[in-house]
Amino acid sequence: MNYNEFFEGFYDQWHGGHLAVKPNSAITEEEERAVDSLGLMLESITKETSHFRSEAEYVQSGCAERIKPVAQKALKLFLSRGRFREDLEEPSPTIDKFKL
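In this note's numbering, the protein residues as written are 15 to 114.
Certain hints may be false.
[What the hints assert, rightly or not] Just the calculated beta-carbon pair ranges, DEER-fashion:
no., residue 1, residue 2, range
1, Phe98, Val73, 27 to 37 Å
2, Arg99, Arg67, 38 to 48 Å
3, Ser64, Leu102, 36 to 46 Å
4, Gln74, Arg95, 31 to 41 Å
5, Glu43, Pro105, 17 to 27 Å
6, His65, Glu103, 20 to 30 Å
7, Arg99, Ser75, 33 to 43 Å
8, Ser68, Thr42, 36 to 46 Å
9, Gly76, Ser51, 11 to 21 Å
10, Pro105, Lys61, 39 to 49 Å
Honestly, the hints are just simulated from the structure, not real lab data. Predicted model, so just to flag it, every value in this text is computed and none were measured. Glycine included, each C-beta is placed from N, C-alpha and C at the ideal position.
Given only the sequences and the hints, what does the whole structure look like? Please build it.
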């Protein structure tokens, strides 16, 4: 996946400054705020890097390092509830396997 595909994949779920799937009872308000914060940052970086012609330019810009702490905070928040198994149906997510 190149950097453009990364941003476009995120935008499948996020439009106009907010999660695209609202209301969504599966996501808490705190999780929604975390995704919105990450989305605003990604939107800003997308505009900032739109003139780049290669992934090397993106890497050299340091944008990935700016995204990292915001993305890790959101990931930690989501994983604090756990993660559903992919091999069978569960009534609630498994927490202990996926600690950060």
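Hint check:
no. : hint                         : in the structure
1   : Phe98 <-> Val73: 27 to 37 Å  : holds, 33 Å
2   : Arg99 <-> Arg67: 38 to 48 Å  : holds, 42 Å
3   : Ser64 <-> Leu102: 36 to 46 Å : holds, 43 Å
4   : Gln74 <-> Arg95: 31 to 41 Å  : holds, 36 Å
5   : Glu43 <-> Pro105: 17 to 27 Å : holds, 23 Å
6   : His65 <-> Glu103: 20 to 30 Å : violated, 46 Å
7   : Arg99 <-> Ser75: 33 to 43 Å  : holds, 38 Å
8   : Ser68 <-> Thr42: 36 to 46 Å  : holds, 39 Å
9   : Gly76 <-> Ser51: 11 to 21 Å  : holds, 19 Å
10  : Pro105 <-> Lys61: 39 to 49 Å : holds, 42 Å
The structure fails to meet hint 6 from the earlier list, while all remaining hints are met.
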